[in-house]
Amino acid sequence: MAECGASGSGSSGDSLDKSITLPPDEIFRNLENAKRFAIDIGGSLTKLAYYSTVQHKVAKVRSFDHAGKDTERDHEPPYEISVQEEITARLHFIKFENTYIEACLDFIKDHLVNTETKVIQATGGGAYKFKDLIEEKLQLKVDKEDVMTCLIKGCNFVLKNIPHEAFVYQKDADPEFRFQTNHPHIFPYLLVNIGSGVSIVKVETEDRFEWVGGSSIGGGTFWGLGALLTKTKKFDELLHLASRGQHSNVDMLVRDVYGGAHQTLGLSGNLIASSFGKSATADQEFSKEDMAKSLLHMISNDIGQLACLHARLHSLDRVYFGGFFIRGHPVTMRTITYSINFFSKGEVQALFLRHEGYLGAIGAFLKGAEQDNPNQYSWGENYAGSSGLMSTSPELGPAQRARSGTFDLLEMDRLERPLVNLPLLLDPPSYVPDTVDLTDDALARKYWLTCFEEALDGVVKRAVASQPDSVDAAERAEKFRQKYWNKLQTLRQQPFAYGTLTVRSLLDTREHCLNEFNFPDPYSKVKQRENGVALRCFPGVVRSLDALGWEERQLALVKGLLAGNVFDWGARAVSDTGLILCPSLSFSERPWLVDSYSKWLQRLKGPPHKCALIFADNSGIDIILGVFPFVRELLLRGTEVILACNSGPALNDVTHSESLIVAERIAGMDPVVHSALREERLLLVQTGSSSPCLDLSRLDKGLAALVRERGADLVVIEGMGRAVHTNYHAALRCESLKLAVVKNAWLAERLGGRLFSVIFKYEVPAE
Amino acid sequence: MRRRGPFHPRVHWAAPPSLSFRLHRLLLLHTVNPPRIREPIGREAFGPPPASSDWLPTHWRNGRGGRPRARLCSGWTTVEEARRSPTLGGWLGRQRWLLRMGAGRLGAPMERHGRASATSASSAGEQAAGGPEGRRREPLRRRASSASVPSVGASAESARRDRLGSYSGPTAVTRQRVESLRKKRPLFPWFGLDIGGTLVKLVYFEPKDITAEEEEEEVESLKSIRKYLTSNVAYGSTGIRDVHLELKDLTLCGRKGNLHFIRFPTHDMPAFIQMGRDKNFSSLHTVFCATGGGAYKFEEDFLTIGDLQLCKLDELDCLIKGILYIDSVGFNGRSQCYYFENPADSEKCQKLPFDLKNPYPLLLVNIGSGVSILAVYSKDNYKRVTGTSLGGGTFFGLCCLLTGCTTFEEALEMASRGDSTKVDKLVRDIYGGDYERFGLPGWAVASSFGNMMSKEKREAVSKEDLARATLITITNNIGSIARMCALNENINQVVFVGNFLRINTIAMRLLAYALDYWSKGQLKALFSEHEGYFGAVGALLELLKIP
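Those protein sequence lines, which keep their order, are chains A and B.
Numbering follows the UniProt record's numbering, in which position 461 of the first sequence is assigned residue number 461; successive positions increment by one, without gaps.
Numbering follows the UniProt record's numbering, in which position 277 of the second sequence is assigned residue number 277; successive positions increment by one, without gaps.
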């Protein structure tokens, strides 16, 4: 990874390396505001955690004082935008080799400006060894925390807060990792930590866990016994030896015992009857590689077997593996997975964690930060600041895999509001927001990565243009371009770096990178102008709609929703063609590509819905001339409406604060909306998200509460990002309407249509 | 009912007897003292080294270590050797020579004569004889009995069988049906064979109630087998009769006699088969009931080289039959089954008889080269729960690699003198004492071989320490898996058998202690005197159709 500097600047010898120069721009970011440290020192890697604050520029919208409404002129914007500084909390995690520990501590000492911290939480086997060094360098008191407690706290934290944290490892598959969607109920589970020995812990709740067993045959056995047998001193070298060996030269296999007859008996001849059994009966030399491989199989099989026996005893089917024996090594993940599948006959799943190496540090940090209640918040992985999972697969070449000399980073943003499932999801555990898994679909991956690469110039231009008064905008935009370009290249090589690769994650990564370089809302001006234009059109549109007959009006409303949705600065096809200012656009006649309009119309003839939850998409024409007339019709029918908009900016999507102003302005023109707002039959809420897509499993807690309280029985999801890239297959417990215009020729073709094909998907759950 | 788990099939393992004697060319009936096990009990698995290793009743130690063994080694003079053809001729020559020397016609079967690989290759190429696809799903037991029919049914030989009056051949069916039970017995000799991954176990029933008339009728080859097997305690350079296990005055199928227990390494199997051919064993029309993986591996060789049709039997059926039978007949008036009281205390530890009067349910842990774990609910109802490849073969194999030892006895002897705590990382090495958060005692091993990650510590350990650590590692692991299986199956008595436990008090005491400690006294570890021979006994019982 490009952001993992320091390569070439230090050799990884056995002694502490003081001569390295750290790339301060890349690691230990925001150190000057850091408070609260935790450190986890393992056998070879140190993990440092700190809590810091990040200052960001944010675009705020503010309504003008409309005392003199009549002075308003055509070119005047509907509201003003101001850029303000905002402070958000962020967790930083850095992983580096123990050889750098002294250099890192020096760096921290020099850059730590205004901390009131007096204590550093420490865990891991090395915490004791480096205690004096830490206390001397940092002038912080070392507070030792229990290793397993930290590990479990960390595990709970990542499982709850990082989507696609857990994955199964698939041998010879492309990709080798298959990520699990976040399970809303993570407990109970079995955690098998393979350090020098093996600990098997049953985790029942946040604070309740029990050591249920263990084994002395673990990573230390592989390392120690391996060193004795092969004279190879380093763990990684042993694994490398093992990956080249043939265990059948050392192990006594079933076919060695049964001869050829195993076939007639239905036995697999390749199963190991006795590990190292051949070294007992054959007078011959064994190669280091073969012995290392045999040892690896012996240990992995044994651990897998014990894990399965414990899983069975406690009736658990999810087993997470961690510890330095795993540490992302494909060879150990492969043998462990094989063993678990074999012994459990597929009933138990061996799961690994993307941030397995950080669990101890995260846990230690959480232990020390309990008064900040980190568990009350939701946290999100910041794609811009995190290195992502690196493949250790040998095919990717040593340069890609080299871990020595690299600093691995994880940054997590504290989200303003806690996130929860949408209560209307039919089956939360099986909900997958994304429609296409780009890790899986190589063709789609290639297309979208190229698409995002090609769009990068435009995004950079717009970012610069959004801050005409800033002197360094061009420079920052260039940095943004470099960062996002590098991310895209990483994802080309390692699509699994941040979990399942999706159009959503590509979009989110771009937003994170833009924020990183203080381009909080590049579209704010565009949105402001378009909102102004659209607001002026609103009375006319409503008038012409009201003039229509009921049936005609329903179709016109739906067409309006769809037409408004065409004006999307995020879509290449649209930005290339330019803004088409024609509300009565006849983009395509029915039947549409997906068309259940007749069913919807039939439904409208029936009783009104109790409450509709609408996820809005774009600013301007979309929200004002598409969504609001539709909302107005629903209100007139007697349906309450919850209008959910993004908490933070993403492309030209309407934000919650913009929606408040827009609603206020419309209320000024339209008595229906006015009274609905006053009587709280129309509620404007935020989604908790800043993504152009929509993850219904991570929504604002307030929104979820409101949905429950009002008994929402209709969900309307609008736009390509929310209804096609995501949620196209989402199953809800109530009626749902997913509508979008496919503004991407490639995607349209994939769906069997053409550019500007219409999706109108009305679904009623089965009884 | 029983599930046929695919892993770790019915591999019975035992340590190969001494390979270190290079005397087979020169010696005949040479009596040697094998290296005495100076400390047969060894240092304790727990606590400080014992003041005295003499904590077991003497009678129990008898016959385990230090017993003088008479060895019969085949050999030939240089001239004869030069004359002998690579395979068959050499054997025939040797047998002639042995005859002259009065060694009995059976000669020396256990001579290490080439490796198993040469012959097994031929059998590996084809399916086992009579092995159509449909047979796969048929229970082994039935398969086995049906396979035994042709081997005794060759009518060309029936006349002589009638004359011997000990088998109901087809031509004599009518007459023999009305005759006594005696007539339905199979022909002598009575063998049961268990061919494991490392060791072949052979049980032989020696009839002691032979009448003068019978003796007269006994064909010469049969007599020579009897004399040869019973008058020697070692055969060739590697075959050994465990005299101390001999069961005396046993009544089997109405015949009284002694049951002998013999073992030799599996790699000497080709020599054994060759001997069978040379001795025209097939003319005796005995049925060779065999179990273990080798029954399949060597079936073809038995047929093509020895003209012997093996009656292949299911390993686990035989094992369970054997255990139940042997336990029922006891051990020459003593108890077959035993346990340890205070296994961790070198002073108070006692080996005590255990009456297995309520055997079910029972967890049976058979530790051979690998380990099979069975849950036994009744005589006919059992299942294979799981198995592990970390067994006796792993212990001995790793010991060979780590210490350069060459025999199981040597490995155990080294282990008895070593200190595993120098090799293993204990809980107290990490936490300074007990790890109270998880209730782990400081003496528990946290990481087997964990200290060997450090170069300094690698240089500070002895081979004895490494042998000890290997033994502790493998044993603890078996104990741990057995305990988990017992919990999952809800069984509280666990019987450990298999040749890994032969002369292996350290392992037995450790198993007894570990099971008791980690189950908080809920589980009991039981052992059995005839450790590794149950499969072979089961095969013999199958021959005699003893239920």
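Check each hint, because a few of them may be wrong.
As the list claims (entries may be wrong) - Once the Cα atoms are required to be at most 25 angstroms apart in a straight line, the calculated BS3-like pairs of lysine-lysine come out as:
(1) B:Lys455 x A:Lys129
(2) B:Lys248 x A:Lys234
(3) A:Lys288 x B:Lys463
(4) A:Lys701 x A:Lys60
(5) B:Lys520 x A:Lys202
(6) A:Lys288 x B:Lys457
(7) B:Lys422 x A:Lys233
(8) A:Lys233 x B:Lys457
(9) B:Lys455 x A:Lys233
(10) A:Lys129 x A:Lys35
(11) A:Lys234 x B:Lys422
(12) A:Lys231 x B:Lys422
(13) A:Lys446 x A:Lys171
(14) A:Lys131 x B:Lys457
(15) B:Lys545 x B:Lys524
(16) A:Lys479 x A:Lys461
(17) B:Lys357 x A:Lys129
(18) B:Lys455 x A:Lys288
(19) B:Lys348 x B:Lys248
(20) A:Lys231 x B:Lys463
(21) B:Lys455 x A:Lys231
(22) A:Lys118 x A:Lys144
(23) A:Lys129 x B:Lys422
(24) A:Lys118 x A:Lys131
(25) A:Lys231 x B:Lys457
(26) A:Lys118 x A:Lys479
(27) A:Lys131 x A:Lys144
(28) A:Lys234 x B:Lys457
(29) A:Lys131 x B:Lys455
(30) A:Lys345 x B:Lys248
(31) B:Lys520 x A:Lys233
(32) B:Lys383 x A:Lys234
(33) A:Lys171 x A:Lys35
FYI, nobody ran anything at the bench for these hints, they're computed from the structure.
**Structure-inconsistent hints, enumerated in ascending order** = 2, 15, 17, 19, 26, 30, 31, 32, 33
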